[in-house]
Amino acid sequence: MIEQSGQMLRIERTFSASAEEVFDAWTSPEVMRRWFRPTPDWGEAPEAEVDLRVGGKVRVVMRRRDGSEVEAQGEYTLIDRPRRLVTTWTFGDDPSNEQLIELFFAESEGATTVLMVNSGISTRDRRDAQDEGWRGCLDELERVFAG
Amino acid sequence: MANDAFRALAHPLRRDIVERLSGGVATVGEVSREFDVSKPTISRHLKTLEEARVVTRVIDGRTHRLALRPEALAEASDWIESQRQRWERLFDVVGEYLEERKERG
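Here the protein sequences line up with chains A and B, keeping their order.
Per the numbering used here, the first sequence starts with residue 1, numbered consecutively.
Per the numbering used here, the second sequence starts with residue 148, numbered consecutively.
Heads up, a few of these hints could be off.
[As the list claims (entries may be wrong)] Taking lysine to any residue and the SDA-like style, the derived pairs with C-alpha atoms no more than 20 Å apart in a straight line are:
{"#": "1", "chain 1": "B", "residue 1": "Lys249", "chain 2": "A", "residue 2": "Leu103"}
{"#": "2", "chain 1": "B", "residue 1": "Lys249", "chain 2": "A", "residue 2": "Lys57"}
{"#": "3", "chain 1": "B", "residue 1": "Lys186", "chain 2": "B", "residue 2": "His211"}
{"#": "4", "chain 1": "B", "residue 1": "Lys249", "chain 2": "A", "residue 2": "Asp94"}
{"#": "5", "chain 1": "A", "residue 1": "Lys57", "chain 2": "A", "residue 2": "Asp94"}
No lab work stands behind these hints: they were computed from the structure.
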């Protein structure tokens, strides 16, 4: 939607939780560690760090069950709890590709719909892989809210 | 409940029947003739509509009269409305963001 260059992916998902709860799931290291798992091949993320202020850093280390790890990190550029969150995003296996993640949250009747736009992705293949990965992560997040 | 209504409305002929009945009660024979389809076909579609309680049948001797139950559709309509509101709210959030970006340049 925003970034002119690169590939983009867009995902909408509705969670049975308030906007604050969903927003916090994106910015709380304890909760992030539970759902940054792109497929069932991935276990709980061993590390997550959040410095929730504009210019602050966010970092997650995801780990496959075979022990291999992928790190992702970014910098918050907009924080408007519980409605909007924007961060740059760079995966450790493609460090020259700084991407953008824009999140929009809207609560209605006790459920919150999230629109996620991930833009500036270097290649089509990466876009497709990330699209699948994020969807897997959001499946996990649904499980977090399910109890 | 709303799911049943959506299932009932999933076929174009059933939507035509609902539209016809919204104009007033009709007999099975009338509906069958108006849409130029066979009795068995109409019966099958009417069964779906009746199971979803979108249509009720009043039997008067040998005449079967069909009437619409608008309240069954109201549930489906409420569901669509709640989805619409949800998305409108989300679009508002996105719209404000885009507006602010434009102002920042």
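Hints, verified against the model:
For the suggested pair Lys249 of chain B and Leu103 of chain A, the alpha carbons sit about 18 Å apart, so the restraint of at most 20 Å is met. Of the supplied pair hints, the one linking Lys249 of chain B and Lys57 of chain A is violated, its CA atoms being roughly 25 Å apart against a limit of 20 Å. Pair hint Lys186 of chain B plus His211 of chain B holds up; C-alpha atoms about 13 Å apart against a cutoff of 20 Å. Taking the CA atoms of Lys249 of chain B and Asp94 of chain A, the gap is about 30 Å. The hint is violated against a cut of 20 Å.
In summary, the hint linking Lys57 of chain A to Asp94 of chain A is supported, as the alpha carbons are separated by about 18 Å, within the 20 Å threshold.
The structure does not agree with the numbered hints 2, 4 stated previously, though it agrees with the rest.
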